[in-house]
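Colleague: So you can see what is in the structure, the chains are spelled out below.
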Amino acid sequence: MKHIAILQFPGTNCDLDTKYAFEKLGCSTSVIWHKETTLPENTDLVVVPGGFSYGDYLRSGAIAQFSPVMQAVIDYANKGGKVLGICNGFQILTEVGLLPGALKRNIGLHFISRFQTLKVVNNNNDFLKKCQNNEVLNIPIAHADGNYYIDEDGFKELEANDQILVRYSDEHGEPIVVNGSVTSIAGVCNKNKNVFGLMPHPERALESILGSEDGIKMLEGPIA
Amino acid sequence: MTAIVNIFLKEGVLDPQGKAIHHALDAMNFEGVEDVRMGKQIVLKLSSNNREDALKKVEQMAEEILANTVIEDYTIELV
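Chains as they are written, first to last, in our numbering: chain S, 1 to 224; chain R, 1 to 79.
Just so you know, these hints were derived from the structure itself, not from any lab. A portion of the hints provided could be inaccurate.
What the hints assert, rightly or not - Below, simulated EDC-like cross-link-like pairs (lysine to aspartate or glutamate); rule was C-alpha separation at most 16 Å, straight line:
no.	chain 1	residue 1	chain 2	residue 2
1	R	K40	S	E152
2	S	K2	S	E220
3	S	K2	S	D126
4	R	K10	S	E152
5	R	K10	S	D56
6	S	K217	S	E23
What the hints assert, rightly or not - Only part of the chain S face toward chain R is listed, based on derived beta-carbon distances under 8 Å:
no.	residue
7	R59
8	L109
9	Y149
10	G180
11	T183
Unchecked claim - Some but not every residue of chain R turned toward chain S, in silico, with C-beta under 8 Å:
no.	residue
12	L14
13	N68
14	I71
Yeah, the Cβ is synthetic: ideal placement off N, Cα and C, and Gly gets one too.
For reference, chain S alone in the conformation it holds in the complex (with noise of 0.2 Å):
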């Protein structure tokens, strides 16, 4: 059985959607609160999930990024663990410098909170080998700051590596504005492919009762 660790900073919100998620998927989870120093032995993936750390204060995930779990989830992606960051999740894994680029305030201003579709980009990595290339998912997205950016060079760096892994798009695939997103990205990962972080969230995902079950294919990924 595979083994979750969930991290929990003061102001996280989507832990124990996480956690269900992760559990309704066969897997063993623990939820990680942030003065933590390590994680457990057996962790095949840390999951950095949503919500708003410390109140998105400074700036999304500025200050969860010196919680002291943080350096053992640094060393524990160093040494090739993989790592899935969502929505604040990736606004931390970028400010703790585990992935490239920043998110900036959405380009209109609001708080986006719907369903939205996205294409996957590349699926030759652990976290989207559940998902075809060019597949479109139907995931919510729930953010004021997802507008994905990052320089003329870095992305030329992501495209050259595969690093772009979904887009939003419209039903047919074709990419939209819906945050402001340099090329529309909604996630990325680093060079390694063994972190991944995205602002829609697959662990809401999981039912089609309840709008989709898209989730499951790209939380699968990680844990075959």
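Position chain R against the provided structure of chain S, taking the given hints into account.
Modeller: Chain R alone, transformed into the frame defined by chain S:
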């Protein structure tokens, strides 16, 4: 000594909040505004009175946490 850190999005990085304020000013018929950038100001009261020391310390703070240098520039003023 007090250190004032001003943080703004870098030139060339679109500032959605600045743009919204600009739109509002236009809608209110304030003329002659060419551009609006919105930033934040962090005021630090320091125990040290050594300017060189203070500047060095605050620079380190700005680099490590106060600003995200991927998208932001900062200035430091000591008063």
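Colleague: For each hint, tell me whether it holds in the structure or not.
Modeller: Taking the hints in turn, this is what the structure says about them:
1. A threshold of 16 Å between alpha carbons decides the hint, and for K40 of chain R with E152 of chain S the separation of about 26 Å lies outside it, so the pair is violated.
2. A threshold of 16 Å between alpha carbons decides the hint, and for K2 of chain S with E220 of chain S the separation of about 11 Å falls inside it, so the pair holds.
3. Of the supplied pair hints, the one linking K2 of chain S and D126 of chain S holds, its CA atoms being roughly 14 Å apart against a limit of 16 Å.
4. Straight-line distance between C-alpha atoms of K10 of chain R and E152 of chain S comes to about 14 Å, which keeps the hinted pair within the 16 Å bound.
5. Our distance criterion of 16 Å between C-alpha atoms is broken by K10 of chain R and D56 of chain S, whose separation comes to about 21 Å.
6. Restraint check for K217 of chain S and E23 of chain S: satisfied, since their Cα atoms lie roughly 14 Å apart, inside the 16 Å limit.
7. Taken as an interface hint, R59 of chain S checks out: its beta carbon lies about 6 Å from the nearest beta carbon of chain R, inside 8 Å.
8. At about 6 Å, the closest approach between the beta carbon of L109 of chain S and any beta carbon in chain R falls short of 8 Å, and the interface hint on this residue holds.
9. Interface hint at Y149 of chain S: satisfied, since its Cβ lies 5 Å from the closest Cβ of chain R, which is below the 8 Å cut-off.
10. A hinted interface residue such as G180 of chain S counts as satisfied when its beta carbon comes closer than 8 Å to some beta carbon of chain R; here the least separation is about 7 Å, so the hint holds.
11. Below 8 Å, beta-carbon pairs count as interface contacts, and T183 of chain S has none with chain R, the closest being about 14 Å; its hint is therefore violated.
12. This hint holds: L14 of chain R has a C-beta 7 Å from the nearest C-beta of chain S, less than the 8 Å allowed.
13. Interface hint at N68 of chain R: satisfied, since its Cβ lies 5 Å from the closest Cβ of chain S, which is below the 8 Å cut-off.
14. Annotation: interface hint on I71 of chain R holds; nearest CB of chain S at approximately 5 Å, less than 8 Å.
Hints 1, 5, 11, counting from the list given before, are not met by this structure.
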